[in-house]
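**Student:** Combine the two chains into a complex, taking the hints into account.
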Amino acid sequence: MRAPDITRSRAYDPRLLVLLPALALALAGCSRHTALTVRADLVPFMSVGETQLNSAPIAPGTSYLDWPFSGSHLTNPGHSVDLTTLGAPSSALTDITAFSLTFAAQVTPSVPLAAGTATLYLAPSSASDVHAYPAVTVDTPPVAAGQTATVSITADDATDASALPYLRSGSFLVGAEVEVNASGSGTARVTLTHLLVTVSLPPGWGLP
Amino acid sequence: MPTGATIAPGPQARPALVLALALALLATPSVFAQSARSLGMGGVRVPAPAAADVNPAFAALPRTGGASVTLPIGLLSLATGDYWNPNAQGFDALSALDQGSHLGQYLLNPAVSPDGVTFGVDASGLTIAFSGGSPMRLAAPTAFDAGFDLPLGGRVGAVTFGVRPFTTVHARFTPGPDLEAVFGSGSTSASGTLTADAVAGLAVDVGAALPLPLPPHAMGGARLYVGARASGIAGLARASASFQGQARAQQDSSGAYTDVTYSYDGTVSVGGITNGGLGYGALGAAGLAVTVPAGGGTVTAGIAVRHIGVMIWNLHQTRYQGDQNGGTSTDVGTVRSVEVAQHVHVAGNLALSLGEGHLGVPGMGLTLAADGDLDLSGGFATHAGAEVRFGPTALRAGAGYQDGLRLGVGAGVRAGGVGIDAALSSHRSPFTDHRAYGVSASLAFGF
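So the sequences go chain by chain: A and B.
Quick note: the first sequence uses the numbering used here, first residue 89, plus one each step.
Quick note: the second sequence uses the numbering used here, first residue 29, plus one each step.
Since the hints were derived computationally from the structure, they do not count as laboratory data.
Don't take each hint at face value.
[What the hints assert, rightly or not] Taking CB as the label site, the calculated pair distances span:
{"no.": "1", "chain 1": "A", "residue 1": "242", "chain 2": "B", "residue 2": "371", "range": "53 to 59 Å"}
{"no.": "2", "chain 1": "B", "residue 1": "197", "chain 2": "A", "residue 2": "137", "range": "39 to 45 Å"}
{"no.": "3", "chain 1": "B", "residue 1": "278", "chain 2": "A", "residue 2": "249", "range": "35 to 41 Å"}
Model, not experiment: these values are computed from the prediction.
Glycine included, each C-beta is placed from N, C-alpha and C at the ideal position.
In isolation and in its complexed conformation, chain B is listed as follows (with noise of 0.2 Å):
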């Protein structure tokens, strides 16, 4: 190499950058927010240390179950589906959504866009048919949500803090009844409602969780819970928008089409760090937890709120209006937005846990558990699921509802300190009516 020559990252140290990030993935706990353990049993999140993220009072519970670590699988689709590949003969955005969504999981089969669409324009209005693929599912509303976490920090006593570097997405695409006729018998006009918000920051998370001093056999030897976090938000950037439109065809007496009149208006907020547009705020939450033998066994039960906050953002808005004889775009500059408690969540988990000795089977414990979560700005997710483990062992299935059925089973090793965690378990594809179903795949220490 000559003297002087400089070393720039070209297209043979990608593979190594992409290793180092996949890396850096497997090295932090709780990337992908559910573990093959949880979509095993169906989604359900077993009160625990572990799920504190759902109920801070959780973190003061007695550790079981150890730190889990959940595997990226999904990655492996970059080699094994030619759905991401723009350029590639099997290229599938819907395909490479689906799968980017659900990057613990590597998923069997992916929702793959139709074959065909047709437009048909008639008397009768406007027709959207769409055949092979995945079904589709535009004629109702339809979300989309994802969003990764990587948090890093520890627990010192009763006072849990790390930082937490984050990335959210919403979407949401409300249809008109007109607009639901376009993929039926057909419609005249359309109209409908899109908002997506993309979020990427930064959180301090700083929080506490503590037993609470209770009289000695008080209710049968329950012991209660306590816990909050607090996080500090550093915005570093967010694109949003709003849009509102709706089209009709006018037509006169004789059925013919007249006119076509459509209007729209909606706004798009930018801003980041780079250009003065970054965000700060607070977000808490609260929970109590409550653990009550029974049977031999533990019935662990807690209730949280999280969410509960304000964030502040100072975004550069641009509003665009519309109609057929034209549009405006009008720079409204930057307006600083103040969002009180939004996507407040409640959320109540419930658990029963038996150990080795208590079922009559030399070996066996089980635990059921219970969930739900409701958004109180619209959502409602609920799973159960039962563990059976026999030695170091465990069996695993459930359900539950989340943006559709989800089913689960799964299974579980134990030994030497270490686990592996391996879930089968199906979602409903964003956009479709399509079931998923996926592989995922956890390591566990220190349990």
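Chain A on its own, in the form it takes in the complex (with noise of 0.2 Å):
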């Protein structure tokens, strides 16, 4: 198994970012008809070794490329998630009507590799049992050695409303796994290149 490669960790809060232009969202947001909506791309926000995985090993038959890389297949507990620390704020959390979360990445194999799937995961904070996720499933394409497949999925709350609550909590895990059938043993380079998370809340969300 490969140990995470967290190269460094990185302080964030986006929510600093939005200081100033606080004083147009007070007075956007004290009004009910005004709704919300938080979108953010985690990526920017991840260390290398959150977002590139340049050695997953490929055996023939099916194997499983994981993220987080943090461990064996369905084993990881996820990818934390803090939604105050995307600029949502935490009094209208338990209100929001809607989420999507997408998960994209590329991958490059150095064998080729046949038509597969990719499942997202969506879990409250304090799972422990990964395979209780509610997940999403789409099938990939093939992919030629040497060259590059977006794997993209999205859930939202039209596909899998049971995630709603666990958004609704403000903090919750994701991850994402792609499960490749090889002929031959080889390597893939896995690079997440989009973690974006889209939260809507009601109008009226700035108001008691």
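**Tutor:** Set out below in structure tokens:
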């Protein structure tokens, strides 16, 4: 198994960027018909080790490329996401009406890969059993050796409403797994390009 | 009612209190600076005694038009617009702010808050986008100014006197170029400056205005007027704040965010009569006016400077500083501020008035007017308008620039010593590029 390649720890708090626009938002949020959407791509806030896996081993038959790159197949606890650090007002989180979460990665294998599947997992932050995650799965295309394929998968409240309570709690876990089938042994380079989280708050979010 | 019962103002008494306040406002001239006549002429102030607040020399001009009372019909929105009620589904702070700062007008389409706000954070930085509602104007310097005064007084000979409770609110927000980008393509940093100042006080005004003797037939019959006004100011309460802040996201060569740094520095100063923070000072104004017969009518011009003086405040100040590592507040204590000549205005007014019989149309009269007002601390306003009179009726139109384009049309009628003026005028709503239209009305007496 591959150890996490966390090269450095990053402290971030995008809310700090909104200190000054808060004036405008306070004005807009003080009306009962104003809704709020918070959309954040988490990738720029991650370390290299969290976004790149340069040498995932591929064996003949079925292999799994899991993200976060920190453990074996289906034992990964997932990457923790805290909505309050993304600008979502904590007092209104329970009012979240809709969400969307997109995982996108590029996979470049050294050996040809047949068509496979990609699965996105969402879980409450207290989850300990990965198999209990509500999951969304899509098919992935075949990839020639040395070529790059983009794997993109989206879960939202329409396809996976059971995850809505996780987002309303303010923090949750997210993980993804790409199942590949190879005819020989090799490696794959995996780069996470987007982890886009979008939550919507109903009109009046700024008012008690 | 049991003997000894006390009567305390309850909910049922509030309508009476509101009515009493409304009547008090109605009974007092010039509660709201601009009359419907002025708004109907694009906001221009026609040289006349009623415009002595702009130029004290105007108090000595021949009295025309009589006194005017602008009706606070914006208060009707309390009954018709649920945007005032925080508990109502239609509550809208932006609408309330727009209407509340224009109580002399009933706004037909006050600014509306956006239906949606979208925060976006990605590798390019932060973006904020609004959808629906009035177009927000936050990527440019923006200001909010409002003020009310209640002049109570009169004139004896050349001397004018009075007392004037007043309140003023000035707020300025100046975004840095990076913050402007937040509302466009995105930015990894943001900076800006916010200042706000609210004052309530009482002014005692004493002035004099009189015509200067000129040789007979000098300048074709011109007459020159001078005026000056001194105001003793008692500042009853004040709250002011000034803040500068900036935030920046640090990125490495791969574009990943490594850290966010920010800092802010500002002061909050408060004081009032209840805690020894009384302000005091004196402001002065002086002006000249001239009338020249022309073409069977009269050209009136004036120039004045006002708000010259000094205000001294004793305010309790707290300084707030901080950065990403934490913040501090420092009790600075009582700070005496001596503010000399803040918001000095230089104003010029010009008007041509032609009476009936001078336009070739029986019963027709005409007034053309223009003005300009320069705030030496920043800001300029100018207006131009026309009034055509047919016997007891008048039609008006005008345009101006005052924090954006202003338009106005109006009409008036006079009969039996009283009259009524109405106007439809527009202004740019605060914090937006929205053009709001409002209806105003004034009563005129003693013309």
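**Student:** Which hints from the list above does the structure break, by number from lowest to highest?
**Tutor:** 2
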